[in-house]
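Protein chains in written order, with this note's numbering: chain W, 1 to 309; chain X, 310 to 654.
Source of the hints: derived by calculation from the structure; they are not laboratory data.
No experiment lies behind these values; they were computed from the predicted model shown.
For each residue, glycine too, the CB sits at the ideal point set by N, CA and C.
Take every hint as true, because none was put in to throw you off.
Covered stretches of chain X, going by a simulated chain W footprint (3 or more residues, C-beta under 8 Å): (1) 394-403; (2) 531-545; (3) 551-559; (4) 621-628.
Distance ranges between label pairs, derived from CB positions: (5) V144/W - T503/X: 17 to 23 Å; (6) H490/X - E275/W: 39 to 45 Å; (7) F82/W - Q578/X: 23 to 29 Å; (8) I109/W - V543/X: 55 to 61 Å; (9) S465/X - M294/W: 53 to 59 Å; (10) E275/W - P524/X: 34 to 40 Å; (11) R432/X - M294/W: 46 to 52 Å; (12) D567/X - F82/W: 33 to 39 Å; (13) P214/W - A392/X: 51 to 57 Å; (14) Q430/X - I103/W: 40 to 46 Å; (15) T48/W - D567/X: 58 to 64 Å; (16) I152/W - R432/X: 28 to 34 Å; (17) G369/X - P214/W: 48 to 54 Å.
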Amino acid sequence: MTRRAINNQAGMGASNPLNLQPGAQWADCLSRRHRKAAVFSRVCFAVTWMAAALLGLLFYQVSSDGLRWLDWQFLSSFPSRFPERAGIKSAVVGTLYLIGLVIVIAIPIGVGAGLYLQEFATKNRLSRLVELNIANLAGVPSIVYGIIGLAIFVRGFGLERSLISGALTMSLLIMPMIIVVSREAIKTVPLSTRHAALALGATRWQTTWSHVLPTAFPGILTGIILALSRAIGETAPLIMIGALTYVAFLPEGPMDSFTALPIQIYNWVSRPQEEFHQLAAGAIIVLLGLLLLMNATAIFIRYRAETRL
Amino acid sequence: MFVGENKSMKNTLIDNFIWKGIKMKKYSVAVYWARCFTVFCGLLLSFSAVNVYAQTSLRGTVSVDGSSTVFPISEAVAEEFLAVHPRVRVTVGVSGTGGGFKKFLAGEVDINDASRPIKDQERQLAEQKGIDFLELSVAFDGLSVVVNKDNDWVDSLTVTELKKIWQPGSTVQLWSDVRGHWPNKEIDLYGPGTDSGTFDYFTDTINGKSGRSRPDYTASEDDNALVRGVSGDVNALGYFGFAYYSANKDTLKIVPIDNGQGPVTPSAQTINNGSYAPLSRPLYIYVRSAALGRSEAKAFVQFYLENAAQLAEEVGYIAMPDKLYQQALERINSVSQRTVDISVN
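Only chain W is shown next, with the shape it has when bound in the complex (with noise of 0.2 Å):
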């Protein structure tokens, strides 16, 4: 609709002769203007499918050796030597024990830290070196990260090669990008939001809590998914800090040794047989399935906090 929009004005501006522009070199550059955005538009529309292509393409492929391998055994036994018994329950469990750990860690710290950049601290030196800081922690590559919670976490704390070390290291992986997008929606609150709700008699504290967090909240939401989306596939620091391949037990506690997903299926990927490599493509239709699940539910609570509001 824009398109044939801007393609319409394109022509009207050419040819109405009622246009009151100064002759027709004018028209010229307004037409001129009008084939670039058009050009434009065109070039975002191709790259914009181009990226959904991409997607279809590998979950094509992924889909076309993986799906037969998808079915209730694969989801409940633990990896085996055999493909026909192998499966990524230890795996599942894993992923899943380790996201939600991430999510009770990483998010009260990296929202409560944002409120407290963009809302309460003095904007002075210190402030802004801790901005740029956080800033260029969130491009630092994920296998420093690896290093740093093994260095921490596993060796310094003594956590071991636990749930609690491979949580605590995707959080600090993540934080950076939750702070960063929870302040970038905090600022798109209207300040005149903040005065009425202060005009009113509510303290800076209530503001905050009951009128600022709740309005930000589906932008913060929006950056949280896309964190935890990335924690959910990451690799390197898992096996930096030490998760196991082979594990045939559920972990119990935070302080049990684990696998994740994307371990068992780089481990899949690199074995000689062909069937293994099948395995792989089904696990990442499960990991997948997985990412898709929490954007869904993501978006499900983002459009009632919205309609709420």
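Based on these hints, arrange chain X on the given structure of chain W.
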């Protein structure tokens, strides 16, 4: 004294019940003793049952880490071991041979999978930290030299020719540089990256020193990438573990290797009896001697050696002669005997 105590206890018990107004059948001292005896026997029985249960079903944790090459064997052994001892938690990680040794020497894992023998500096570190360990070979892997399926000129390579191709500063650019009557086509080399134990072993045996290799070849830590590379390139020559060849026999052509006694093709038989030389290598597990003092770890290592021959073949490697497994088992028994003695003293 014992009887008196019980009598008074009996009296208070019965008095109590009457006082609370509960109708009790007054029973004789004989019945009382009989009941006590029954309870005692029951307790004894349940205790002994627990003891018997603890003996047949081990508990605890055994941690294995290390080489990705050995991983399939350890995984298979762990899987079968868990079928026998479901309450032992066996975990297997993949940190690479070197990464595994770091954890092993930090005392974090009981067993390290290794696709090469321990290096001198690692051995020194073990001595410094007072970690006593056992080196046990569990299977053979035959490094396979392969070319493309459509390559119709290569029928075998000698060890000298391999060295000529792969040594640092090699001038071999064309197939005709290797043997005069081979075509004037460029030779495209594929091999594992420098972090791999396969690379260490190949460069050690062919070029004379571990890590010395010509650098201008397509390197990948992912052996499947090498398989794809060689199977899609008529002029390719590559090397990797035997399991990757046997899983891709229809897209690759194996090159028999001539070590002076005529060309030998790697197969289960030629690798097992040692005639495929020098490219068949042993795969190891390193066991911390202290860990053998724990019954679940000792049972796991024993189980490993008893079943490695069959399980290794199931996952694509080659069993060693039975005699070697027997010797290894004897070594474990003597070491764990010693460890138990030390811990008792």
